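> The lines below spell out each chain.
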Amino acid sequence: DAKTTQPPSMDCAEGRAANLPCNHSTISGNEYVYWYRQIHSQGPQYIIHGLKNNETNEMASLIITEDRKSSTLILPHATLRDTAVYYCIVRAAGTSGTYKYIFGTGTRLKVLA
Amino acid sequence: NAGVTQTPKFRVLKTGQSMTLLCAQDMNHEYMYWYRQDPGMGLRLIHYSVGEGTTAKGEVPDGYNVSRLKKQNFLLGLESAAPSQTSVYFCASSYSRVTQETQYFGPGTRLLVL
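Which chain is which? The protein sequence lines are A and B, in order. Add 36 to the 1-based position in the first sequence for my numbering, that's all there is to it. Add 897 to the 1-based position in the second sequence for my numbering, that's all there is to it.
Isolated chain B, as found in the complex (with noise of 0.2 angstroms):
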């Protein structure tokens, strides 16, 4: 299993484009997360899903969107990229809401916005 795979590992914008962050898992997990890191910070949750289909607003969802049309897939768009979205983004899936559930992230993508 690859569990969590996150593509492009890193990517340079200017101010203004956009584009969209592919999150990947192979384990069947029904939650997927996108979370945003800034330096010397802990991670603040952006959006998740907890299940195709579905999305919802985590703590810092502005100038974020998500799409989830896949049970293994989690989207992350930036429409119109701005300096302050230069973070490095972690994706996450756990198996279910019970009281247990793991979260398995990926490697994350760097992303600096010029």
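With the rest of the complex left out, here is chain A (with noise of 0.2 angstroms):
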């Protein structure tokens, strides 16, 4: 399984954009990068995946190197409801097939007024 290495914490100004790296050096050519993040005590919540392509939706941007060993994901104008730990997971084979995901410890990001 595919392991994710995240700095343990970051801050970033209001307003400005957050910028969270994560490596995945032994990821396989077919899993996925997914980010999720967990507001206070709240159940995780979906940000972003991708593949190879970077992504971008309306919560965020996601930029995965040519080589697939890092990405990045991105939040252009961080406010302060987006302080949360953020986690990025590199999807996983199960048996039968399945998926399933593995949670490292994420990345506590504080957003500063």
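It is possible that some hints are incorrect.
Interface residues of chain A toward chain B, partial, derived using beta-carbon atoms under 7 angstroms [unchecked claim]:
id	residue
1	Y82
2	K136
3	G140
Everything labelled a hint here was simulated from the structure, so no lab data went into it. Quick caveat: nothing in here was measured; it's all calculated off a predicted structure. All residues carry an ideal CB built from backbone N, CA and C; glycine is no exception.
Need the complex rebuilt from these two chains, each delivered in its own frame; the hints are there to steer you.
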């Protein structure tokens, strides 16, 4: 199973872009990179995912390097409500062809006023 | 749509007691999952189900049992609770096994075992 490495914490000024890095050097060719966040003690919330190409949605952008060994989640204009723990997950194959998430400890992002 | 709901929100048990946590989803999802989260840690998969009547073990299945009698419900049982099972339990569901499934999480159940 591909593992991910993230910095334990980051700060970002409100209104600025937050760039959260993730290393996944053992990722397989068919494994997707997913990002979720967990605000306070709520259930994790889906943000974005990608395979090879960069992706953008209403919440964030995902930049994946050409060799797919690392990625960056970009929150273009961080607000105080973006303060959360952000998880970078490489989806691993489980039994019977199913897929499961392996959560690490994530990056605790603090957006500062 | 309510999405994924969990019952109860909080529970205190004594060592050796049993209880069942209920997860319900109204999105007609095939897959359902139970995770636990300990302080300062990421989520760890306990059990999951790929459809009604099926269950499978995750990373940390010991001490737990599950059942999926109806598609919309996934039950997590603790037969004899232990203090090591003090944790926050999250349920999730997803549409299918195809490559781009996204998991939707419930609000969590906080369990304290004394």
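> So, for every hint listed, does it hold in this structure?
For each hint, the structure was consulted:
For the restraint placing Y82 of chain A at the interface with chain B, the shortest Cβ-Cβ distance is roughly 5 angstroms, inside the 7 angstroms limit, so the hint holds. Residue-level restraint check for K136 of chain A holds (minimum Cβ-Cβ distance to chain B is 6 angstroms; threshold 7 angstroms). For G140 of chain A, the interface hint holds, since its Cβ comes within 7 angstroms of a Cβ in chain B; the closest pair sits about 5 angstroms apart.
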